[in-house]
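Participant: For reference, the chains in residue letters:
6 protein chains.
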Amino acid sequence: MTLIKTFSAGDEIVGFYLLKSADVKQTNTTPPKDYFDFVFMDQSGEIGGKLWDVSAVDKETYFPMMLVKIQGLVQLYKEKPQLKIMRIRKAEDEDGVALADFIRSAPIQPVDLLYVIKQTISSIQDAEIKAIVEYIHARAEDKLMHYPAAKGIHHAYYAGLAYHIVRMLELGEFIIKQRPFLQPDLIRAGIILHDIAKTEEMNAELGVATDYSLTGRLLGHISIASNWIVEAAIQLGIGTSNLNIVALQHLILSHHNLGEWGSPVQPQLPEAVALHYIDQLDAKLQAVEDAIDITPESEEWTAPVRAVEYKQIYLMKRKENGG
Amino acid sequence: MTLIKTFSAGDEIVGFYLLKSADVKQTNTTPPKDYFDFVFMDQSGEIGGKLWDVSAVDKETYFPMMLVKIQGLVQLYKEKPQLKIMRIRKAEDEDGVALADFIRSAPIQPVDLLYVIKQTISSIQDAEIKAIVEYIHARAEDKLMHYPAAKGIHHAYYAGLAYHIVRMLELGEFIIKQRPFLQPDLIRAGIILHDIAKTEEMNAELGVATDYSLTGRLLGHISIASNWIVEAAIQLGIGTSNLNIVALQHLILSHHNLGEWGSPVQPQLPEAVALHYIDQLDAKLQAVEDAIDITPESEEWTAPVRAVEYKQIYLMKRKENGG
Amino acid sequence: MTLIKTFSAGDEIVGFYLLKSADVKQTNTTPPKDYFDFVFMDQSGEIGGKLWDVSAVDKETYFPMMLVKIQGLVQLYKEKPQLKIMRIRKAEDEDGVALADFIRSAPIQPVDLLYVIKQTISSIQDAEIKAIVEYIHARAEDKLMHYPAAKGIHHAYYAGLAYHIVRMLELGEFIIKQRPFLQPDLIRAGIILHDIAKTEEMNAELGVATDYSLTGRLLGHISIASNWIVEAAIQLGIGTSNLNIVALQHLILSHHNLGEWGSPVQPQLPEAVALHYIDQLDAKLQAVEDAIDITPESEEWTAPVRAVEYKQIYLMKRKENGG
Amino acid sequence: MTLIKTFSAGDEIVGFYLLKSADVKQTNTTPPKDYFDFVFMDQSGEIGGKLWDVSAVDKETYFPMMLVKIQGLVQLYKEKPQLKIMRIRKAEDEDGVALADFIRSAPIQPVDLLYVIKQTISSIQDAEIKAIVEYIHARAEDKLMHYPAAKGIHHAYYAGLAYHIVRMLELGEFIIKQRPFLQPDLIRAGIILHDIAKTEEMNAELGVATDYSLTGRLLGHISIASNWIVEAAIQLGIGTSNLNIVALQHLILSHHNLGEWGSPVQPQLPEAVALHYIDQLDAKLQAVEDAIDITPESEEWTAPVRAVEYKQIYLMKRKENGG
Amino acid sequence: MTLIKTFSAGDEIVGFYLLKSADVKQTNTTPPKDYFDFVFMDQSGEIGGKLWDVSAVDKETYFPMMLVKIQGLVQLYKEKPQLKIMRIRKAEDEDGVALADFIRSAPIQPVDLLYVIKQTISSIQDAEIKAIVEYIHARAEDKLMHYPAAKGIHHAYYAGLAYHIVRMLELGEFIIKQRPFLQPDLIRAGIILHDIAKTEEMNAELGVATDYSLTGRLLGHISIASNWIVEAAIQLGIGTSNLNIVALQHLILSHHNLGEWGSPVQPQLPEAVALHYIDQLDAKLQAVEDAIDITPESEEWTAPVRAVEYKQIYLMKRKENGG
Amino acid sequence: MTLIKTFSAGDEIVGFYLLKSADVKQTNTTPPKDYFDFVFMDQSGEIGGKLWDVSAVDKETYFPMMLVKIQGLVQLYKEKPQLKIMRIRKAEDEDGVALADFIRSAPIQPVDLLYVIKQTISSIQDAEIKAIVEYIHARAEDKLMHYPAAKGIHHAYYAGLAYHIVRMLELGEFIIKQRPFLQPDLIRAGIILHDIAKTEEMNAELGVATDYSLTGRLLGHISIASNWIVEAAIQLGIGTSNLNIVALQHLILSHHNLGEWGSPVQPQLPEAVALHYIDQLDAKLQAVEDAIDITPESEEWTAPVRAVEYKQIYLMKRKENGG
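Residue numbers (full-length UniProt numbering), protein chains in the order written: chain A, 1 to 323; chain B, 1 to 323; chain C, 1 to 323; chain D, 1 to 323; chain E, 1 to 323; chain F, 1 to 323.
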């Protein structure tokens, strides 16, 4: 199957792709006619497409998140490639294609990501902190198997949230060794919990966060995670004014660093300072790496990357002897 | 007793005052000598004072928050009045002076303020909301009898927090009638709870917030109040994802309106919008009124008022026929 | 007549509506054909509509602010409802429909709003202040009968400006009673005058501010109102350096509070502080209430509300026992 | 007479200087003794000085803005030179010294500055604009003879305001020739009027702005000048909605360019854009030039200059062939 | 030839124009048809145009920056004029039209601009500064003959950069005379060098900056010019820590004044302060003048001008006797 | 020797300390007497001290950066400990104390830090990049042996700059392994060069940056490092428009990320993004660690830490089982 990322104008394409969206629109003709405005995706990227002369049956057949087989022509529209669809049909069981093959995923299997997280929890030595983290992890575990880390800004793909956590844990373990004055338990717990309530803040399927939940909009993931810590403390019989509980809440509440970025308090524990900058380093570099991954080979610059103030990143060719 | 607010240069003063602070300092002479750098207060204001030639006994005698009788002379120092103390002694029981007479207080008795708050709680119709507010109010009730609303910016006096709540409730009841689309239960509950965790965020005695507690510094009063709602919900058997609970948390979390003012989410319920602006209107006007109250009669402008961007307020004389 | 707010996809509509705009556009066909791109409104909201196959006569027939009778079909276009017009004709006298029934209006009759304003003026006790307010009110009275308070951000409807003033006066009377240190004359005069020069800053008809006047753009309503006070003072033989005049100007000039919001000076009279926050409370709550009013019954969130930083407001259903 | 700017540590000074301030303070000794904390000035700069052992007669003898003859020793105190006064007496008539010789002044005589301004007014061709400018100039003329342009930020000396206007007029005449699309009348009128109400905003004597007037604080010089234009228009029988009047007001109101710098509207006439940048260029360069003038010869950097964000300016030595 | 600026709806146009862009697009019809979406320009402005029914030959014939002869009809589309093309052909040699006649240019010939710049260089008295400026000027001279000063914000036309330099030099010479404390060599050198590296930062042809170069994006014109000074110093055998070199670099680095405007250091030489404000005054006034030049006669307001915060400028009619 | 960090009020101290500053001041007595206002330091911290009754010989004896033996009494002054000096003498050779023992230093020997840096340079594979880094390193090597990384904000001690580089290199090596899409040569070169021109920007001795150099103030370390790259390229015969040169300059210029933090361009290479966040993570955590190191054992909070917005950091006690 040809990857969408490699399509170029003039190509005729035949293959299976995932329908990301399927809107019926109308031409400006008299009388106006219906046509389909599609977006197709695979694990390498996305492309728009149009199907003219849509029948009533068609309109009842094609819906988002459905696998289809198409025959189409790649054309340029406003300087961007777009498919003119000539034939389309739904994928059948006998076609042997699986939806999971068409979505963008973290480069490590979810089960392996979860294994790292669980191992890290088991390495926490303070019994209270470990119990709190276990309680909250158990609550979110199913969603961690597939949730993205954000709607778009970084790690926006299948298991992206768990991947972000695991990458931060790698960095966290390095920092713990480099700077022994930091408390390992707080670094580990802070990394695992910092974004975990995104599983309640957002609604997501197949690695795509479609929208925010009501609770997510009214409270935000930072306050939801803070709530979960209180709840865990009460259920586990730990007092809510216990310093471990306060410290865990502080790590979560302060991890965006500034009020204008959503943190009601600023970092005032060494581990809270560390957590913020570990999060930044991972999120920004991943956003850059992801942007590069979906940049067509022919381009020298990525599209503007939201995580770095919408700057474009230059793809300096690696030299023979340089790296 | 002459009120401090009325002292003017050249006056000789005899009377009882409250020692707000009492620092032993040293002159720059050779050899240096100890002297007392005092701040005296009464319900009308504060004034600095110096006692030269301090004995070892004196240093063991005078401490903050003690009532003393003094004889002194009002002098100008850096354009501000200051007392040169000639005689000083501790107040005795037989002097018949009470500490409570020397501190600044809300103009309504604490017991009456608490009565209004309790009556308002009893008027809440939704059983869940009422139960949550009762639970949290019970926890903070003792401190509401005397806590100020802030360290300095507004309502910084005995029972200032309860006074702020009651004034906001008056305004809230007006707004509820003026705009029937608002839900009275949320307005009332939001007003009572919005700053209630200041009783845990700050340490205070006699209406003066001396400093912030550890929990206060690491979490802030907004997140502490949010914690209390979760705790109340669990203890009362109400689910934490119950919409009433989420709405109450949203009111608290958003009442500072913007991230840079400490709110992790912005108002998205009509009652949350109302709560923020009711709070603003009351806090700003009270700060102005308080600044005017402690401005000496001879001045045309108040000192800079922190709550209104450190602007000074002009004391335009009320005309006979103007109000 | 079916209210526009209640239209849903698939409905066939027959009825009278007001043409808010009527643009002739061209299809992308060869040769291109003319069609009408309409916006219809009634007191409940607005909807776009298209009339295909437009004749030369049609083009000379339909213009904005005209009442028409239409037969049309509600379709979805870019997820929003839109009318496909099948028949259209101008309303005739014998149809018995009145333009005033199709525009959005303040919920209180203009004559009643003006009555409240005039009564308030007559309650001002200081003769100079009363004379200034009367002078300026007389100048703007005709426009106060119908002007909106803004182009879009709040009170953007027939007599919206007078409604905003009256609502603020209600709140002002409450505050005057709650805080006797405020001068009632200044509060009342400030409220009546604060936005009154919007009647010169904007051009408006039927409650819709279509654009800004030349003077409005070059000076702004704050400076125009300030000019009017000078002019009134001169015409009434009151010196322009009279403190009442300076105070009234200060109230107007400072009522946006900060330089970046358009105020050249910041509030430095107690009444100026009050005026700003009374204005805020009324404007923000009205913007929220108006946004709710035009939100279709089926929606849980309003459209983004510009007055509250483009946040959407959640329409939490009122409970049986809660409100 | 030795200029203050040239004093260096160890010098013994005898001469006449102007007392800028004369505060009686007390030593920290027991008992405390009175001493005088003086500031002396001449046209080259300022220096502090102390007179120990002050008699009761001394305290009734020395006051600000008095000329005195002193004998003193230059010492270093906190790295800055300061005078230890050994002898002091008031200047007598027979000493033949004049106060005007000791204050900092614009480098051009006030009478010559006013002449330029009046000549410029007479060159304005539009009769209405000329009449307005004449009216306002007449009102402020006496104060223009001596007022500074600001309390401290730039042109803070005798006739500094008139000097600022004249320098801007020179620049304005150049720009008028360089860019014929600008209307000379508006440029000339705008420059003359832009800061003219500082004569009412501030109280000043001998080129020193001591404080702001009540009207100055409540309205600011921009709004006062705007008032004067309205007043002039009415007195001269020109309608206030006359475009010339609106344009003149726009020039004044917008000359600070942005709301946060005090302008309620932003420049929207070409001449308003020009006026703002002519004002900036003159004010910033003058502030730099003034800072250099009072920098002792021995220094390589000026003190921080408020007008350029408190940056210090480097005094690069002029080369033989370079300047 | 009719100037584009004077086209009005209904006109039939025949003449030569320059094709600024020529995009092939498709109609929404079934099947879609290709059409040309053109932009035509001449020295007075630009206009869009559409050519329906495009042949395969057409698509290989018309490209940007080509001169064409057209016959077309001016129609209104979204309230703006647009050409419906009826006939089009390429211009031939025998048509006698030259590309240079169709582009917008500085009002002074490039050769004359360059002459002024060279004369100014020859007037620099310090040998080192002169040598540096000559070296860099020589490098950029060819591009100075035609480069614009910016992509769009100001002086965006043929030789706009040289024109900006020359205009600033005129102003600089005035300021040098007005304020003798400034070093003429630094003012002249600073003006000539301040934007000169835009010739490397941008790619431009025919006065239109099409995009930024790779070096331009990664370093910016300020740092490139700073590099050139280092390079010149080394090639000319002047030490890079020579104060003249440091001062020239400082002038370039600081000329945007603030970090958020791209300057890594703020002005700390008097000439650096002057350079920034001379640049501002020229750039802002030119942007206003240019916006006025392309505003159709019928309009009272320019389009929003980016250089003055997107404000529109009002075209107040010059009075007989006023300008 | 007792460490300064452990002094408490009432202690009598005898030992050797380093004089950080030694100012002669005068008492306010009549006549005023000279006294010494000292600051003493050792590797654990600093303390002020006063020597009363200073002789003429004393004034010629004690100067900053001299080792002295003192006998003194620890007293509290404004709630901070301060020494009252009873005896003082210069340290002699036979006292066997070395200045290096009294200054704060990086925890790793400078020679070892330099070794790591050189090893890293030798691991760079691209010959051009390696040559540039070697050239610049050679220039700064001597100063790298002892320079601090900043005047105060972070790594402000002996060899602090080299220590900062080495710590960042450790983190850089980790990131290179974790994210293979990054070019190791650019990461290594960027880290070594990013702050290296601080050795020219600041004047420092014994690990204390006393002030900024003239070049440092006029250009800043970012532009100086950029200059050095140009110079190295020219001296090494590498073209300045070579992509490696441009990339290295981009890394340096952009490493402060935003214009308001001093970067004239923003990161647009993946390695530039990485460099900024590696720098942040190291600088912030080191600032926190350093603040903790000098916090007396008795304190629960550090002093406000400038690098983290002047927040204080809480010293949560490490638990037995927690890390």
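Take these hints with a grain of salt, some might be off.
[As the list claims (entries may be wrong)] Only part of the chain F face toward chain B is listed, based on derived beta-carbon distances under 10 Å:
(1) Asp23
(2) Thr27
(3) Leu73
(4) Tyr77
(5) Ser298
(6) Trp301
(7) Gln312
(8) Tyr314
It should be emphasised that the hints constitute simulated quantities derived from the structure, not laboratory data. Idealized CB from N, CA, C, for every residue including glycine.
Participant: Holds or violated: Ser298/F as interface residue toward chain B, Cβ cutoff 10 Å?
Facilitator: 16 Å, violated
Participant: Would the hint on Gln312/F stand, with a C-beta cut-off of 10 Å toward chain B?
Facilitator: 8 Å, holds
Participant: How about Trp301/F: closest beta carbon in chain B under 10 Å, or not?
Facilitator: 8 Å, holds
Participant: Go through the hint on Thr27/F and say holds or violated, using the shortest Cβ distance to chain B against 10 Å.
Facilitator: With a closest approach of 5 Å, the Thr27/F hint holds.
Participant: How about Leu73/F: closest beta carbon in chain B under 10 Å, or not?
Facilitator: 12 Å, violated
Participant: At a threshold of 10 Å, is the proposed contact between Asp23/F and chain B supported by beta-carbon distances?
Facilitator: 14 Å, violated
Participant: Quick one, is the Tyr314/F hint okay against chain B at 10 Å, beta carbons?
Facilitator: Holds - the Cβ of Tyr314/F comes within 10 Å of chain B, reaching about 7 Å at its closest.
Participant: Is the interface hint satisfied for Tyr77/F? The criterion is a beta-carbon contact with chain B at less than 10 Å.
Facilitator: 7 Å, holds
The structure fails hints 1, 3, 5 (numbered hints given earlier, in ascending order).
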